[in-house]
Amino acid sequence: MTQVILYNVTNGLIIGAFYVLMALGLSLILNLSNVINFAHGNFLALGGYLAFTLSPTLGYWGALLVSPLLTALIGVAVERLMVRRIYNRDPVYSLLLTFGLAFVMQDAARYIWGPNGLPLGLPAGLSQPISSTLFFITWYRIFMVSVVIVTVAGLFAFLRYTRVGLRIRAGTLDLETVSTLGVNVRNLRTFNFALGCLLAGLSGVLAAGQIGLNPNMGDDLLMPSFIAIIVGGVGSLIGTLFGGLLIGMAAALTTVVYPSASEAVIYAILMAVLLIRPRGLIGEEGMMS
Amino acid sequence: MTTTAVLPAGARLAVSHRVLVLVAIWGVLLTVPFWLPLLGGYTALAGRVLVFGLAAMGLNLLLGFTGVLSFGHAAYFGLGAYGAGLTLRYLVHSTPLAMLAGTLLGGLAGTLFGMLIVRRRGVYFAMCTIAFGQLWYYLAYSWNDFTGGFDGLRDFQRQPIGFGPFTLDITSEGPTFYYFMLAVFAVAVILMGLLLRSPFGRTLLAIRENERRARFLGIPVEMHIWLSFSISCFFTALAGTLYALLNNFADPLALHYSLSGYFVVMTVIGGMRTFWGPLLGAAVFVVLQDYISSMTVNWMSFVGAIFMFVVLFFPRGLLGTIRRRVTA
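As you go down the protein sequences, you meet chains A and B in turn.
In terms of numbering that gives the first Met the number 0, the first sequence is residues 0 to 288.
In terms of numbering that gives the first Met the number 0, the second sequence is residues 0 to 327.
Hints in this document: simulated from the structure, not taken from any laboratory.
Any given hint could turn out to be false.
[As the list claims (entries may be wrong)] These stretches of chain A come out as covered by chain B in the derived footprint (C-beta under 8 Å, 3 or more residues):
id : stretch
1  : 222-228
2  : 268-280
[Claimed, not checked] Listed below are several chain B residues computed to face chain A (Cβ distance under 10 Å; list not exhaustive):
id : residue
3  : Val-22
4  : Trp-25
5  : Phe-70
6  : Phe-112
7  : Leu-115
8  : Gly-121
9  : Tyr-137
10 : Met-299
11 : Ile-305
[Unchecked claim] Label pairs and their computed distance ranges (CB to CB):
id : chain 1 : residue 1 : chain 2 : residue 2 : range
12 : A       : Leu-80    : B       : Thr-320   : 19 to 25 Å
13 : A       : Tyr-257   : B       : Arg-211   : 46 to 52 Å
14 : B       : Thr-295   : A       : Leu-57    : 31 to 37 Å
15 : A       : Ala-267   : B       : Thr-320   : 42 to 48 Å
16 : A       : Tyr-257   : B       : Phe-149   : 16 to 22 Å
17 : A       : Arg-159   : B       : Asn-247   : 54 to 60 Å
18 : B       : Thr-170   : A       : Leu-72    : 54 to 60 Å
We treat Cβ as the ideally placed atom computed from N, Cα and C, and that holds for glycine.
Here chain B stands alone, though its shape is the one from the complex:
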């Protein structure tokens, strides 16, 4: 379904092949709670993969499919997390409303900021996004009474969701919450896929491939980049709200530019110009980080070395490399 939209015509895989890939991805995601414990993992780990995968896929709308680099997406992720957490703590005990509030907070902040920087390009665009992202980190860090400061925002719980006579109890640690997240993830991913297949998505690709030509064709380039940036921020903020619900906790590190770097590296590990790449990259990154940090205190060097290795020797990422092999 979705993979077609993003492949250039010459690089299309056979239809049956694509169906197979989709079945495999959703099959793996749906059965996680059954096999992950057998491998020594825990379901929260899979939840983290979904959350970071969604955030990185949101970022990839901008990075991979519009060709614009944001190195500050943690800001919108963190705003989503804080928006959800603060809503649950101070306003209403409602999970859907908290998610709505968080997504709107992060998405609208991105939309407003996007207006200021859409004329910047390349590394300067990235620099503005980093600097602006840190604003929220300092705000969360120093506004102690409201946000919990450096210790993070606690004292809120995800709430059961009522559907008329039924109640979906997602408060426990079990697989119910994982499936709830998977449902949200699925809806978001389908939206993303439809968006990329639409004329709007094709226009983004045109801008990525050749901005000047797109401009000469009369495409309002700035408007499209701005929209792409805002939409991408909304998706990342949605992921942020799930992060807060998953941990019942939001901390300033969810806003820090290191996390923005992690999102970018997840996207690159998986393959920037592929639809599912960021999810795969997130899985690799989360598992590696979990494993390394349990083995050594020097996990920073390992993570840094992974960054450098990917850049120097593996710039196309996993799916990008595979696709090149298949089509070559």
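Excised from the complex, chain A in its bound form:
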């Protein structure tokens, strides 16, 4: 029984870690540009597929580093060519645009890499279990969680201690004033969008090592990421972090007791938060109106 619980706790941690990476990227873009990026799950898949294509030449470690950067670069192109045009328009247009983009990207992935699942090879040492009693915990799982922790810590340090990070945080509160103070807001938004895509690409590479690749691998992560953002509190990245961990854990622990309710419990948390604390666990009053 302890093993079952331990197994599901590690599962929850890993699922939560993916929710967190996805949701942080979505949240960055949402906070600064007021755009819900429906295609975020497809940027995740793109990161994974790029790693699949690059790893024969660059090796796993090279692909792990390069493919999120390439994903971010494609994010820059998407932002410059399309998303930028709808910043000052009704939110319905940004939703439709990224929604359409998600369809096109998913079909493109299916066209280029095929509709069937593909595996992403891991370095030999990573796929071993850490011990015979804890046979269900591979080194890869530990590795994934560590990468996520380092990335999230790096992101928060970046936002806190660098000039660009400071501008992103200030822009979240009042973009107009930031612009008046002489900051190039257009570039700031592009950079911020790319940063979000970078996080999605990284989660894609990590997820590919665990569950393999398929064209709609990001879809299942998209909805929980939305919920993580709402539960944590729109406008607060710390909130998103806790929201993601909370629903990942809740879903995994429900699996121990009653597997078919693991999806429902996420929505139960959403309803409870909307009912009792509409601003979200850590959100500030007024951010969502």
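Once you've looked at the hints, dock chain B against the given chain A.
Same frame as chain A, but now just chain B:
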């Protein structure tokens, strides 16, 4: 009749012009079973246009006339479909009761959920509606024994409707069922038109144009948005019940957020701020989808490209663009 209610005073078309438009719309709708087969279409296609058109017009009460974005209306559409299907399968073999049950199920779910989110605005409102909508998708998906799970709910049939001594047999594939749907559609659309002409409808427009000013005038804004959301959910749920009757089938995809996106894009293609726009948008969308999916397996890219094209180059939609030309 209805177009006037929704045009700002300066943009009114001449009366004769409006009558002409109405005659044209109803003329086309009434004669569909006669000319559609000649063009290589089938009557069920027209039925689908009516169903999606009604759903999108319901959504447009909220989106176009209140200025509030829901990206989760498939939930209420799907609840309508499942409500009707489950009633027919498990409770009574009665088409009107099934429609009533489905409409109430979807509408009341929307009314309750609306209370939770009416203080949210813009993109956050949309996000809450998406997330909540998916709840029903997962429920239908995983509650296998009751809803048929991923394969959808089968084993129910629309039933003949009795009017005293007469019986209206809508069970066959022929045009009778199309005309039944058209009658339901007409009643719903007339209700919508009256609603938008009423002081309540005008208040919604005021909120859309300037929420702060409306609030300063003492209008209970949250209450109006909530009512608009619920009414819109009732209409969309009604469309959902027709969908279940049309196909004798309800599937989880009728609840999925992709369908919510389709409703929104239909509304935008036709013209968000026009009364008939969503119907036109639904016709364009249904025909395109039918055509493209018969031509290629990559229909997703085409649909996605249509979305992006509309947003980037055609944001006013068909009727919105025409009206701008006429009034300019």
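Hint check:
{"no.": "1", "hint": "222-228", "in the structure": "holds (count 4)"}
{"no.": "2", "hint": "268-280", "in the structure": "holds (count 5)"}
{"no.": "3", "hint": "Val-22", "in the structure": "violated (31 Å)"}
{"no.": "4", "hint": "Trp-25", "in the structure": "violated (29 Å)"}
{"no.": "5", "hint": "Phe-70", "in the structure": "holds (6 Å)"}
{"no.": "6", "hint": "Phe-112", "in the structure": "holds (9 Å)"}
{"no.": "7", "hint": "Leu-115", "in the structure": "holds (5 Å)"}
{"no.": "8", "hint": "Gly-121", "in the structure": "holds (5 Å)"}
{"no.": "9", "hint": "Tyr-137", "in the structure": "holds (5 Å)"}
{"no.": "10", "hint": "Met-299", "in the structure": "holds (4 Å)"}
{"no.": "11", "hint": "Ile-305", "in the structure": "holds (7 Å)"}
{"no.": "12", "hint": "A:Leu-80 / B:Thr-320: 19 to 25 Å", "in the structure": "holds (24 Å)"}
{"no.": "13", "hint": "A:Tyr-257 / B:Arg-211: 46 to 52 Å", "in the structure": "holds (47 Å)"}
{"no.": "14", "hint": "B:Thr-295 / A:Leu-57: 31 to 37 Å", "in the structure": "holds (35 Å)"}
{"no.": "15", "hint": "A:Ala-267 / B:Thr-320: 42 to 48 Å", "in the structure": "holds (45 Å)"}
{"no.": "16", "hint": "A:Tyr-257 / B:Phe-149: 16 to 22 Å", "in the structure": "holds (20 Å)"}
{"no.": "17", "hint": "A:Arg-159 / B:Asn-247: 54 to 60 Å", "in the structure": "holds (59 Å)"}
{"no.": "18", "hint": "B:Thr-170 / A:Leu-72: 54 to 60 Å", "in the structure": "holds (58 Å)"}
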